[in-house]
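Heads up: the protein sequence lines correspond to chains L and Y, in order. First residue of the first sequence? That's 1 in the working numbering, and the numbers climb one at a time after it. First residue of the second sequence? That's 244 in the working numbering, and the numbers climb one at a time after it.
Bear in mind the hints are in silico, worked out from the structure with no lab data behind them. Note that CB positions come from ideal geometry on N, CA and C, so glycine has one too. One thing to keep in mind: the hints can contain errors.
To spell it out: a stretch of chain Y is covered by chain L in this simulated footprint if at least three of its residues, at any positions, have a beta carbon under 8 Å from a beta carbon of chain L; those stretches are [to be verified]: (1) 254-265; (2) 277-283.
Below, computed lysine to any residue pairings styled on SDA-like, alpha-carbon distance capped at 20 Å [what the hints assert, rightly or not]: (3) Y:K291 - L:Q233; (4) L:K116 - L:F137; (5) Y:K291 - Y:C279; (6) Y:K291 - L:A127; (7) L:K116 - L:T49; (8) Y:K291 - L:E147; (9) L:K116 - Y:Y273; (10) Y:K291 - L:A148; (11) Y:K291 - L:K116; (12) Y:K291 - L:Y15; (13) L:K116 - Y:G271; (14) Y:K291 - Y:G281; (15) L:K116 - L:A127; (16) L:K116 - Y:V275; (17) Y:K291 - L:G51; (18) L:K116 - Y:G264; (19) L:K116 - L:I22; (20) L:K116 - L:Q185; (21) L:K116 - Y:G266; (22) Y:K291 - L:R20; (23) Y:K291 - Y:Y273; (24) L:K116 - L:Y15; (25) Y:K291 - L:Q12; (26) L:K116 - Y:W270; (27) Y:K291 - L:M21; (28) Y:K291 - L:T130; (29) Y:K291 - L:Q185.
Pulled from the structure, derived: some chain L residues nowhere near chain Y, Cβ distances all over 10 Å [to be verified]: (30) V106; (31) L113; (32) V177; (33) A203.
Listed here are the chains, written in short residue letters.
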Amino acid sequence: MFSNLFNFASPQAFYPVAGRMISWFGWSAALLGVAGLYIAFFVAPTDATQGESYRIIFIHVPAAWMSMFLYLVMAGWAGLGLVLNTRLSGMMASALAPTGAMFTVVALVTGLLWGKPTWGTYWVWDARLTSELFLLFLYLGFMALKEAIDDPQRADRAGAILALVGVVNIPIIYFSVQWWNTLHQGASVSLTRAPSMAATMLAGMLVMALAAWMYSIAVSLARVRAIIVAREQDAAWVRSGTR
Amino acid sequence: MGQERDTVNWGGVSEFIAMGGYGAFVWGSYGVTALCIGVEVWLLARGKANP
Chain L
1 MFSNLFNFAS PQAFYPVAGR MISWFGWSAA LLGVAGLYIA FFVAPTDATQ GESYRIIFIH
61 VPAAWMSMFL YLVMAGWAGL GLVLNTRLSG MMASALAPTG AMFTVVALVT GLLWGKPTWG
121 TYWVWDARLT SELFLLFLYL GFMALKEAID DPQRADRAGA ILALVGVVNI PIIYFSVQWW
181 NTLHQGASVS LTRAPSMAAT MLAGMLVMAL AAWMYSIAVS LARVRAIIVA REQDAAWVRS
241 GTR
Chain Y
244 MGQERDTVNW GGVSEFIAMG GYGAFVWGSY GVTALCIGVE VWLLARGKAN P
């Protein structure tokens, strides 16, 4: 069984599998996105204190979760590549970085637009906001570093070290609202206690988060295919067009 | 046309667009997100591995 599983660690074997999965995850993302938006605007009630501006959280929170989670997955793949020296691992890490950076930008921008009506300011240098901005720089640094090194194997190794060192920033983002006195509020949803919001609001947020997951998987698979083709362009299976 | 359901939160289209006075912030947020997703999907559809 495991020998079968490891077969997919070869870019050649993974390429068609990824291709078949893209549309499945893409359509799941689209359907969940529509359902999530419907709940966000037509089911969830107006917030008692924030009014309608709170509806920004239906994208802000899933995007912020995704920005942190994708970093962990990216660092995980990068670390796996460092240890096992598998080619596909570095490609997976590279495929996740732009999407992670995109969700970080979305989390930051929607945060600005939520902060202005709610706090009266677009930006403060508090621990949560600053560490999330630092996350964006980590993603961009990872991408720039890999881009700057011509030899793909060396690029993978250097990128992996940067990604792994940067992992320390994730718990800092997540726990910043507990460790420091931040303007950013504490978690409204946690695994250890009941959420502090209406059930329909929570449902909308979770459906949107699920949509963000499906979207991330779909675009990462599409990107890893593009990376495979670019890196393996001299390999016989790519040149012969059998892909 | 869905009037019955829409009235749960909104009295009409103009109320929906106004978002209780926060329209610019709410639609700005959703617009930026849609733009980011659109650009990413467009680049990938063109077969680009990097932005």
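Status of each hint after checking the structure:
1. Counting residues of the region 254-265 of chain Y whose CB lies closer than 8 Å to any CB of chain L gives 5, which reaches the minimum of 3, so the coverage claim holds.
2. With a cut-off of 8 Å between beta carbons, the region 277-283 of chain Y has 3 residues touching chain L; three or more are needed, and the interface restraint holds.
3. As the CA atoms of Y:K291 and L:Q233 are separated by approximately 14 Å, the hinted pair is consistent with the 20 Å bound.
4. Between L:K116 and L:F137 the CA atoms are separated by roughly 23 Å; this puts the pair beyond 20 Å, and the hint is violated.
5. Proposed proximity of Y:K291 and Y:C279 is supported: the alpha carbons are some 15 Å apart, at most 20 Å.
6. A hinted pair counts as satisfied when its Cα atoms are at most 20 Å apart, and Y:K291 with L:A127 does not qualify at roughly 35 Å.
7. A C-alpha spacing of about 15 Å is found between L:K116 and L:T49, which places the hinted pair at or below 20 Å, so the restraint holds.
8. At roughly 14 Å between alpha-carbon atoms, Y:K291 and L:E147 fall within 20 Å of each other, so this suggested pair holds.
9. For the proposed pair L:K116 and Y:Y273, the alpha carbon gap of about 16 Å is at most 20 Å, so the pair holds.
10. At most 20 Å may separate the alpha-carbon atoms for a hinted pair to count; Y:K291 and L:A148 meet this at roughly 17 Å.
11. Taken as a hint, the Y:K291 and L:K116 pair is broken in the structure, with Cα atoms around 36 Å apart against an allowance of 20 Å.
12. Under the criterion of a C-alpha separation no larger than 20 Å, the hint pairing Y:K291 with L:Y15 is consistent with the structure, at around 16 Å.
13. Of the supplied pair hints, the one linking L:K116 and Y:G271 holds, its CA atoms being roughly 12 Å apart against a limit of 20 Å.
14. Proximity of Y:K291 to Y:G281 is assessed by CA-CA distance (about 14 Å); at most 20 Å being required, the pair is judged to hold.
15. With a C-alpha separation of about 18 Å, the suggested pairing of L:K116 with L:A127 holds against the 20 Å cut-off.
16. Between L:K116 and Y:V275, the direct Cα distance comes to roughly 16 Å. Compliance with the 20 Å bound is thereby established for this hinted pair.
17. The suggested pairing of Y:K291 with L:G51 is violated, with an alpha-carbon distance near 41 Å, which exceeds 20 Å.
18. For the hint pairing L:K116 with Y:G264, the CA-to-CA distance comes to about 13 Å; that is within 20 Å, so the pair holds.
19. Annotation: proposed proximity of L:K116 to L:I22 is violated, straight-line Cα distance about 37 Å (limit 20 Å).
20. Using a Cα cut-off of 20 Å, the hinted pair L:K116 and L:Q185 holds, with the two alpha carbons roughly 14 Å apart.
21. The hinted pair formed by L:K116 and Y:G266 meets the criterion: a straight-line CA distance of about 13 Å does not exceed 20 Å.
22. As the CA atoms of Y:K291 and L:R20 are separated by approximately 19 Å, the hinted pair is consistent with the 20 Å bound.
23. For the hint linking Y:K291 to Y:Y273, the alpha-carbon distance of about 25 Å lies beyond 20 Å, and the restraint is violated.
24. Restraint check for L:K116 and L:Y15: the C-alpha separation of about 45 Å exceeds 20 Å, so the hint is violated.
25. Our distance criterion of 20 Å between C-alpha atoms is met by Y:K291 and L:Q12, whose separation comes to about 19 Å.
26. For the hint pairing L:K116 with Y:W270, the CA-to-CA distance comes to about 14 Å; that is within 20 Å, so the pair holds.
27. For the given pair, Y:K291 sits about 19 Å from L:M21 by alpha-carbon distance, which is consistent with the 20 Å threshold.
28. About 31 Å separates the Cα atoms of Y:K291 and L:T130, which puts this hinted pair outside 20 Å; it is violated.
29. Restraint check: the Cα-Cα separation between Y:K291 and L:Q185 comes to about 38 Å, which exceeds 20 Å; the hinted pair is violated.
30. Under the 10 Å C-beta cut-off, the non-interface status given to L:V106 relative to chain Y is violated; the minimum distance is some 5 Å.
31. Distance check on L:L113: its Cβ comes as close as 5 Å (rounded) to a Cβ of chain Y, failing to clear the 10 Å threshold; non-interface status is violated.
32. Non-interface status of L:V177 relative to chain Y is upheld: no Cβ of that chain comes within 10 Å, the nearest being about 21 Å off.
33. For L:A203, the non-interface assignment is confirmed: its Cβ lies about 15 Å from the closest Cβ of chain Y, beyond the 10 Å cut-off.
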